[in-house]
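Asks: Now for the letters of each chain:
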Amino acid sequence: MIVAGGTYGEECVYPKMDALLGSGGRALTALRTQIDVEFHTFFPDNGTVRLNFGGKTVVHQSSSAFSFQYLHPLASPRLTGMLTDTLLLAEVSGDHVLRFGCVEGHFKVDAEAVVYDPQGSGELFSANGSRAKRLAIVLNEGEAEIQTGCDQPESAALALLSKERAEAIVVKRGAAGCLVVNAKGDISHIPAFRTRRVFKIGSGDIFSAAFAYAWIECGMAAREAAYFASSNAALYVDTRNLALTTELPSLDPVCAEPSKLAIAVVSDQQTMLDHWLAWEAKASLDNLGVRHVQLIDHFERNGLPGLLTAMDAIVVLPRSPEGMAIDAIAAAYTAKIPSHIFCDEKQSELRDVLGSQAVYDDFAGCLYNSIWN
Amino acid sequence: MGGRSGPPPIRPQKPQPDNGDGDKDDCPKKVRASITGPTDQIVEGSWLEVQLDTATDPARVVIFDAATGNIVGALAGIPNLPLLMRCLEQGVEYLAYVEGVDGGRIDIILARQ
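Those protein sequence lines, which keep their order, are chains V and A.
All residue numbers for the first sequence refer to the numbering used here, where the first residue is 126 and numbers rise by one.
All residue numbers for the second sequence refer to the numbering used here, where the first residue is 7 and numbers rise by one.
Just so you know, the hints here were simulated from the structure itself, not pulled from any lab data.
Be careful, since some hints might not be right.
Keeping only pairs whose Cα atoms sit at most 30 Å apart, straight-line, the calculated DSSO-like set for lysine-lysine is [as the list claims (entries may be wrong)]:
1) A/K35 - V/K141
2) V/K233 - V/K258
3) A/K35 - V/K471
Source: prediction; values computed, not measured.
Isolated chain V, as found in the complex (with noise of 0.2 Å):
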């Protein structure tokens, strides 16, 4: 197989990380623990590429070497690096490839399968003349409205699989799991699996990589190649291990509907810490398409019970014993709701207090449960 996509260097604060992968490295390396990959990058420099990945690498020069910069892995990232005017444009063929979208320029693909994932680029497949005889593309539900102007995921996909003559369409939708579109256009849902720790960053990399490698190398159907993607986008979420696994362990299948759901968000309100992180908590949870996220106020603490009735879960905050957060959890209880409670590892007083109730040290993790409830 060729892994066609970017190199880039990608930091994360918390959960910290400092890496050289981008898609296309990533996907290499996850597509390597199974089957022989032929790599094909922009990157300014060869050496760099070729010592980090090794094997077959093809490097097509680019001006400047791009980095995303995290703060965590629901947040938006910084991207640095000199952005021209003009896109680079390489060519590809061969029987099977996967092709992801790169923010310095594009591949044009001429081969037997290709699976192709946009990045967010919103271009089409075929936009820059590339060709397959069996294609299949998997993108983002944001994506798949930008490439065909339908909101709803089904109907985007059918669009898309018409627009280009696909075999499949995966629509990834987050803590909903995705679905897929056959070539008859048949629709099947799957489950996202449930995890304590949700590393985001890069998982969308690991499900292309995944499907690609079942559909095309294993012959798998779309649709169940699209579980194993799932799957192994999963335990990369919860263990940050890029290798793929076809032996898959038992894992927990959810059926969230993030646009169905009520989740309020309490933090002690006592410093800007504690209004930032809840503000950042309702902004990613906002952006996981949860239909009302509502961050209780601290004038609200004494009729905590009654508001927490109309809420499904309720995200929690604590950064002391004494604060609302805590009162909060007792008061969810009352209610007869769900509190997922962030508490960082280095919090040890406050662990003790909260002994084995729902406490996530992985902020991402504790606001996908919430949705998985």
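Got chain V sorted already, so can you dock chain A onto it with the hints?
Replies: The following block gives chain A in isolation, referenced to the frame of chain V:
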């Protein structure tokens, strides 16, 4: 995440290699990396050896466990890997501190000696 055991303990510093060409001053004191490999005998908080393997093309930086003699893995996906390899070539020594072991992934910090 995964019960990390805090910063690496201070190890006695080895004498620095000859610094005649000046380039060695650019060698990083610390490099963070993750490797995928057999985790059975790798213990959080332990130290592993770091070596440049020039028998392969391209050369690679391998991490091995001196206690068992097993190669744990090779470094990949590191922003400053070319610089690190140049430093190893020039005789700068590194040891790898195992910061975390989790589901087949080993987080290490390469510390310059």
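Asks: Indicate, hint by hint, whether the structure satisfies it.
Replies: Do the hints match the structure? See the list:
no., hint, in the structure
1, A/K35 - V/K141, "18 Å, holds"
2, V/K233 - V/K258, "14 Å, holds"
3, A/K35 - V/K471, "26 Å, holds"
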